[in-house]
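A.B. asks: Each chain, written out:
There are 2 protein chains.
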Amino acid sequence: MRAEIVSIGTELLLGDVTNSNAAFLARELASLGIDLYFITCVGDNPTRLEETLQKAFARSDLVITTGGLGPTSDDITREVIASAFGRPLKRDEKAEEMIRDFFARRDREMPEENLKQATLPEGAEPLFNETGTAPGFFLEVDGGKIFSLPGVPPEMKMMFRKKVRPKLIETQSGREIIHSRVLRIFGIGESEVENRLREVIAGQTNPTVAPLAGRGEVQVRITCKEVNKDLASEKIAQVAREISAILGNYIYGEDEDTLEGVMAVLLSQGGWTLAIAESCTGGLVGSRITDIPGASEFFRGSIVAYNDEIKRGVLGVREETLKEHGAVSEETALEMARGTRKICQSDIGVGLTGIAGPGGGTPQKPVGTVSFALVAPEKEFSMTRLLGSRRKDNKWRAGHHALDLVRRYLLNILDD
Amino acid sequence: MRAEIVSIGTELLLGDVTNSNAAFLARELASLGIDLYFITCVGDNPTRLEETLQKAFARSDLVITTGGLGPTSDDITREVIASAFGRPLKRDEKAEEMIRDFFARRDREMPEENLKQATLPEGAEPLFNETGTAPGFFLEVDGGKIFSLPGVPPEMKMMFRKKVRPKLIETQSGREIIHSRVLRIFGIGESEVENRLREVIAGQTNPTVAPLAGRGEVQVRITCKEVNKDLASEKIAQVAREISAILGNYIYGEDEDTLEGVMAVLLSQGGWTLAIAESCTGGLVGSRITDIPGASEFFRGSIVAYNDEIKRGVLGVREETLKEHGAVSEETALEMARGTRKICQSDIGVGLTGIAGPGGGTPQKPVGTVSFALVAPEKEFSMTRLLGSRRKDNKWRAGHHALDLVRRYLLNILDD
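Residue numbers (the numbering used here), protein chains in the order written: chain A, 67 to 482; chain B, 67 to 482.
Bound-form chain A, shown alone (with noise of 0.2 Å):
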C-alpha cells in the first residue's frame, strides 16, 4: 500500500508548529509495513488543499490528512474533501451526536458553530474523539482510502490507535512488516553505547541496530522486516539479549518504558512508599511520577524547598550543614532525604539539590551541578553530578537521576 499524509494548516508554514503529527504518523505506518511516499504540508486555501489532495488521491491508495476539523471558518478540510472527490457534505446523526455528547459530559451548551463539525461528505464513516469536539471521518473513494484527523496532536493520536490502526491491521495482513523494539539507556552517553555495541551493530543486516540519542538518555533501535510476527519477535529478541549482555542495568526499560513507570512498578511490586524532596527541579520529578495514573499507591508527595528556610523549617535541614556545606551538597541532599521521608512516612526518601541556572554558579559548583541522595531502611547513598548549561535541560536530566536512583536501589544495584 503506497501512503500519503497531507498536513493542513497556515500555521505549519508560517512555521508555528512543528508538524510532529506527521512524524508520530510516518512511524505508526511504517511499524505497519505501509510504505510513505510523501508528507505534504498546504495552507488552509482552497485551491492548493484541493490540488494537493488530488494528486495525493492520484499516485497513492492511502491519504490520511490532519488538521482543518475545527468549527472555525479557516477549518476547510472538509469542505474540501467534499469538492475534490463530489461528494457533498450532509449532517451526519452520529457525528452530531458525539459533539452534543462531548458538550453534554461537560455540562456545556454547545455553540451553534460546533455543529459544523458534524457535516461530512456524503457516504464518509464519523471517527469518534474522545478528547475533542472535531470528529474525523474515513471515507473510501473508488477502493482508495482517505482518513480525516483532526490537527490537535492528543486527539489525533487516540483517534489513529484507536479507529485506525485497526482498519489499516486489517488490510496489511500476509504482508511483510516492520517490527521494532527500543532499548531505553540511562546512565551512559550515545557515543559510549555506539563503541560497546560496535561488533553488534556491524554484524547485523536484519535486524538492524541503531543507537539514537534521547531526551536526557541513549535508545537503542532493533528493526525487523518479517511477514511472521513471531519469527521477527524472536529474532529481536535473540539480539536485544545480546545487547543486554553488553549494557546490562544501564538499560532500564524498552518502547514506551519511562523511568518514573518503571521505577513506579518496582514500588508496586515490592509494596514500598516513596516521598521526594526537591530544590532545583521545582516539583518536576514528582510531576513526572504523578503523570503515572494510580501513582497514589505508592507515592506520597514532594516538598519543594526553594529556599533555605523551607530546607531547614519544613525539611529540618540544619543550619550548619547549610553553612559548612551549601545549601547544594550531599550532606544537604542527605538530611533533605530524610526530612521527607519522616515527614511524610515514606519508606523512600530521596532529596535533590543543584544550580539549574543560568545564573547561582560559581567555579566550584557551576550551573549543573546537583547533588543527590537517597534514604531507605539502613541505607544512604548520595552523589553529585555535573549537568549542562541550559536550565529546562538541568531539571530534566536531574529529574532522571533521581528517578534511576530508586530504581537502582530497588534492583539492589546502587553501589554497582
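Simulated from the structure, these hints should not be mistaken for lab results.
A pair counts as met if it fits within one copy or between any two copies, since identical chains are not told apart.
Listed next, the in silico DSBU-like pairs over lysine-lysine satisfying Cα-Cα at most 35 Å (straight line): (1) K458 <-> K408; (2) K211 <-> K229; (3) K121 <-> K223; (4) K291 <-> K233; (5) K121 <-> K233; (6) K233 <-> K182; (7) K223 <-> K156; (8) K291 <-> K121; (9) K229 <-> K121; (10) K223 <-> K431.
Let chain A serve as the given structure and place chain B on it in line with the hints.
C.D. replies: Here is chain B on its own, set in the frame of chain A:
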C-alpha cells in the same frame, strides 16, 4: 515570491526525525514576507525526488531543499537536481577546498568519499558550511532560485542565516513583509473567542485575525503584510486594541509570553512572594514556575500533598474538613492554601486539589473536577472547575487555572 520547501530523507518518512528544519525555514521565510505554499517531504528515491523537484519548481519561484548532501550513497540531492534541471555534476574547486579545509582544521585525514560532496550541478555556487562537511549550493535556472542545504539542523540553520538569508533580503527589498503578533488568551474557549471576535475577523483583510487552539488556552494571531515595518506595527496595534477592548483580561500576554512568565513579572514588580500546595498536579505548578530563570526571587516552594495525611500533617488541613467536604473541595483547597502560605511564609498561597483521572471519579465529583483556592492578605478566594478526561491534560489545565488565579489577584480582577 512563492516559495516551497522540499525536505529530503527517508528518515522523515519513517518518522525517526521530526521535520524541525521545515518549521525553522517557514518562520524565516514568513519573516521575510516570502509566501510559503507547500512543504513536501520525500525519501531518498531518485524518481520521486525528481518528480517532486520539478513540480515544486514549476509552481514556485524559490525552492529550498534540505538533506541528501552527505557523502554516502543514499545522499542523492546533487545528482537529482543535476538531472532534473539538465545541469551535469562537475567538481567544484571552491567546494573541494571547503571540504579539505574542514578536515585540515580538525587535523583529520579526508576520506575519499567526501570528495563526492565537492561535485555540484553546473553553474551552482557553493555555500560554505561552517560546522560540517557538506557544502550547500545555490542554483538559478530560468530565473527560478534553488537553495540546497544540508539536513543536519545546526548546519542548515547556520548556512541559512549566513548565506541564504542575505541573498533573499536583497530580492525582497521594497516588498511586502509579513509582520505578526499573537495574543494569548485564557479563561474562554476557542469558539467563544471566535464568536466575540466575529465582526473584527470579518472586517479585516490586512491585518487578518485568526483564532487558534493552544495548549489549554486560545491564541489569536494578527498578521499584516506591509513594506513599511512601522506602518505594519501600527496597523497591528490598532487591531490588537480592538480585540483587547472585547476580550479584556482574558488576554494574558503576547507572542512568546507564558502564563507563568506573566505571573512572575507581576509578582516581581509588586515584591510579592508565592507558595503552592498542590495535589493532583503532583508538582507541575511548581515546576512550571521554576522554569523561569530567577524564580527564587518570588517563589518559596510547593508542598505536594499527594495523600490526606500530608494534607493534614504538613499543611494542617482539618480532619473535619476532609470528612465533611472531601479532599477535593474548595474548603480543602482553602486550608491547603492557608497552610502552605503559613509554612512557606509567603504573601500569597495557592492550593489546588482534584481528580486527574483516569480513576477516582464519582458521580458527584467526576474525573476532571479540580478545586482551587488563593489566600492573600485580606483576601480568600476559591472556585471549582470541571476539566477534561485525560490525566496529563488535566494536570496542565489545572496548572493554567492556578497560575491565572495569581495573575488575576495581582491585577485586582479576581472577582470579575
